[in-house]
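S.K.: Next come the chains, spelled out residue by residue.
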Amino acid sequence: MIRFENLSVKFRNTDTEYTAVDKVNLTINKGEFFGIVGASGAGKSTLVRTVNLLQKPTSGNVYINGENIVNYSGQKLRNLRLNIGMIFQHFNLISNATVYDNIAFALKASKTPAKEIHKRVPELLELVGLADKAELFPPSLSGGQKQRVAIARALANNPQILLCDEATSALDPDNTKEVIQTLRNIKNHYPITILFITHQMEVAKSLFDRIAVMEKGRLVEVAPSYTLFATPQSEAAKALISSDYKKAVPKKVLEQEKDLYMITYKEEGAFDPVISDVSRKFLNTDLSIIEGNIEYVQDKPIGRLLISLRTRDEKDKESVISYLHRKTFISRLDAE
Amino acid sequence: MSSQLLESTINILQNEFLKSIYETALMIGISFSLSLVFGLALGFVLYLTSGKTFFEKTISLNKTVSAFINIIRSIPFIILVVFSLPLTFILVGTKIGPIAASVPLSIAAIVFFARLVESALKEVDAGVIEAAIATGASHSLIIRNVLLVEAAPAIVRGITITFINLIGCSAMAGMVGGGGIGNLAIQYGYYRYETGVMIFTIVVLVVIVQLAQLTGDRIARLLTH
Ligand SMILES: Nc1ncnc2c1ncn2[C@@H]1O[C@H](COP(=O)(O)OP(=O)(O)O)[C@@H](O)[C@H]1O
Ligand SMILES: [Mg+2]
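Read top to bottom, the protein sequences are chains B and G. Count along the first sequence from 1, then add 8; that gives the number in the numbering used here. Count along the second sequence from 1, then add 241; that gives the number in the numbering used here.
For the record, the hints were derived by calculation from the structure and aren't laboratory data. There's no promise every hint is true.
[Said to hold, decoys possible] The calculated lysine-lysine pairs, modelled on DSS-like cross-linking and capped at a C-alpha distance of 25 Å, are:
{"#": "1", "chain 1": "G", "residue 1": "K298", "chain 2": "B", "residue 2": "K64"}
{"#": "2", "chain 1": "G", "residue 1": "K298", "chain 2": "B", "residue 2": "K84"}
{"#": "3", "chain 1": "B", "residue 1": "K64", "chain 2": "G", "residue 2": "K293"}
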């Protein structure tokens, strides 16, 4: 559906050159809910913006349905864009136009007859649950409502692809849920491919089929969501996940404890024996549980424990860790 | 003020005022309408050619137009009046009267309003424009349904300023043969010490300016959401 091939984007200032996207290769399948995560400044926005050529790549290709689009222009480019909806962090609605007119705008872009527009706008409003808001102006809506109007606008021409650039990052948790629910609902009813970028791991957890992790312009890991959250391979992914996890623990605790480890259980249910085994087998070791939770990614549980280890010496510690290594995924957590 | 002076004031006003108002209305009517049409167009040209968002490789056109506008704007209006006399003669066949005065007034008002339109457009949120481009809309649809709508309140405020500015300039144009109420104030109120005429014209001008400002503000508010 969407394929990036050796895609690079460089920004040139007078004397410096900055590589925002660095030789990215990635294929997103039809109908996938695909996420790109990464710290802010990693190049996520720049990458997705090449899909509808809001950003022209410096080199490499972008294939959509098998066609290389990087040299599209004029009417051809506009037709491509009709087939790709996009929503943004700050909604970007026309503030002096009504909700109705904001959505009608996209239909006018595709030269939809006026009669058809009259029929289609209420349908779209219904789809995002804003049927009674047609005559309001965007400034009088909540953030979640604004984003739902933006979603309706993006879907007006029945696009095959929906791009979401930090679509929930400006929203509070309630509004975020509302928007996520709307997107899920759409995904369940329409065969649309969604490419969603975010730096919020909470959102990534609940939405995506597959995730790509981006760092300094490069893709460092691509995996199904569950695999990525359960067993992150790259440092960047580990950092993103553990930073999300660390938020649950008071900073003071993190600072006090020296040897903190995060244990992720390989299988659900295999929880207790590991901890009790350690206490039984390694008599000189104190293992205390700081925090624990079970989270659900793609409806499958991932159990995690944050533990601190106190051992007599390094040798003991190594054997405990290597024991845990066999039974679980364990990684050291640095407090900073 | 003695009754004799008052009588003289009323006398002058009866003879001259309607004519002056007519001349002013003519000058401002012509130059204001022309500035709305051409100033708006020129403002859009300035804005649309300035970056890569709409047209690429138009930056030299932009620089040329911009320099031309700056040159006109740096000439003091009274000098522009004199300077444009040959052009005025070619265009309207005379160098005096309100229609002749409309030529420099229009030139000044067009470039003035063009800059106000340009700055109103630059205030439009780049994200909103980008979202419009992403829908696949044509430039003309974006201009009509996004740029004009989002910039409308600022453009209306620009129209108000242009109108009020024209009233001031028309008085100056009046001095060099354009007529109008500004001229009335100068000819009678200043040169002939008819203070009554002076005060009356000032009151009329203040009322016009106030009304223009109130109307402009009100429309701008109606267009803002
Ligand atoms: N138009 C631009 N000109 C220059 N640098 C840019 C431009 N757009 C983005 N960048 C730079 O490219 C890098 C990646 O930006 P971005 O793609 O927005 O990151 P992300 O979306 O992951 O936060 C940043 O360092 C940013 O400063
Ligand atoms: Mg971004």
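S.K.: Report the numbers of all earlier hints that the structure fails to satisfy, in ascending order.
M.R.: none
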